[in-house]
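Using the sequences and the hints, build the whole thing.
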Amino acid sequence: MPKIKMKRQDIRMDMTAMCDVAFLLLTFFILTTKFRPNEAVQVDIPSSTAQIPLPEKDILMITVGKVGGEKDDRIFFGVDDQNTRISMLDELATKYNFTVDADMQKRFKLLDQFGVPLDQLPQLLKMSPEDLAKFKQPGLLCNPEAKLMAGQVGSDTAKNQLGELIIMARTLNPNLRIAVKADKSAEYGRIDDVIETLRKTNSNRFNLITSAKGGLGPAPAE
Amino acid sequence: MAEIVTGKKGAPHTDMTPMVDLGFLLITFFMLATTFSKPKTMEIIKPAKDDPKNKDAPKVNKNRVLSILLGERDRVYFYQVAAEDIASGKPLQVDSSDFSVNGVRAVIKTRQNDVLQAYGSKDTLVVLIKGMPKATYKNFVDIIDEMRITGVRQYALVDRDKVDTVIMEQMNLIK
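Those protein sequences? They're chains C and P, same order as listed.
In terms of this note's numbering, the first sequence has 151 at position 167, counting the first letter as 1, and numbering is strictly consecutive.
In terms of this note's numbering, the second sequence has 398 at position 171, counting the first letter as 1, and numbering is strictly consecutive.
Calculated directly from the structure, the hints in this document are not laboratory data.
The calculated label-pair distances, taken between Cβ atoms and stated as ranges, are:
no., chain 1, residue 1, chain 2, residue 2, range
1, P, Asn340, C, Leu15, 52 to 60 angstroms
2, C, Asn81, P, Glu396, 44 to 52 angstroms
3, P, Phe256, C, Arg(-8), 33 to 41 angstroms
4, P, Asp350, C, Ser169, 28 to 36 angstroms
5, C, Phe119, P, Ile272, 31 to 39 angstroms
6, P, Lys361, C, Met111, 33 to 41 angstroms
7, P, Arg387, C, Thr16, 45 to 53 angstroms
8, P, Asn329, C, Glu129, 36 to 44 angstroms
Facing chain C, a subset of chain P residues (Cβ under 8 angstroms, in silico):
no., residue
9, Leu253
10, Ile254
11, Phe257
12, Ala260
13, Thr261
14, Lys273
15, Leu297
16, Gly358
17, Pro360
For glycine and all other residues, C-beta sits at the position ideal for the given N, C-alpha and C.
Below, the structure is given as structure tokens:
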């Protein structure tokens, strides 16, 4: 039998174009990615049918959530503008009698949010990043009934340091918009404390942060 | 003279496959790491703190009002009770529901219809939202969202008052 010698065909695809596409997309994703910052408090936000997007900058964020396995809801404070952060630290230093060195200033500038009673702030700023990641912050003192601007006078439960911070930040940067970000399971009592504080500081307009509901959601009536 | 060799030597071929693999691997990583959906917000505007001198706050007919009390374990209680009813010691009618579609939304819609028939416009309905400390933030967002869905124009977040305390006692909500 005659043996038919088949010439083995080598299929070669030109991968160059595909490679180009892959790297083009890669570049796009690298440039658009904003890594989620290491958050001190993990928050699972509820969903709603609200459609208004959150403004990009000038946000004063109040976060309510549980810290690493603890049971109570804790309040955290953060401002996105780094210049405001620096001026806030200066004011806090004068008010609470602590000295700020360059290192502490740098750390505060990069601190997205914090939740410690204000007199413990220097200790927080002296921590190394590793210690800070492990540290369970006790949350801000917030008693809506307390007089604002009490400073260091009185017991911890009779202070509303959240209110103090809000007033300070809004004086330094009047463009700030207030956003409240809270965990789904946060107790309403704690949220009410925050809302009451906002009301006391005359911040009657604020935003609750939610995620969009899957799909279009139920249509609004009529 | 040397001959110019024009023979087909073939362009040097590099196998791009591993490079493409790598490219897509990285794309996958960045796609998963990216948070695309921007958070949405609900704007809330609260009235300024009451002026203690202003004692003559307007009274609203209870037929126009629906009070909603957020309770524990995703329950929601609603009632139409005026302060006088408490004083007269009449048994109070309090119903409870949940956040399903047939739950609180149906209740609001029924009330809207009642008000529409009585007053000629469903926008006359005033919804008062109150929360017990043990209610969750999710319930709170849900109920405000429900206002938008049902198209309630007038709603307010208010503090619990005497009526609520009596109702909570009656419903055994206070331990």
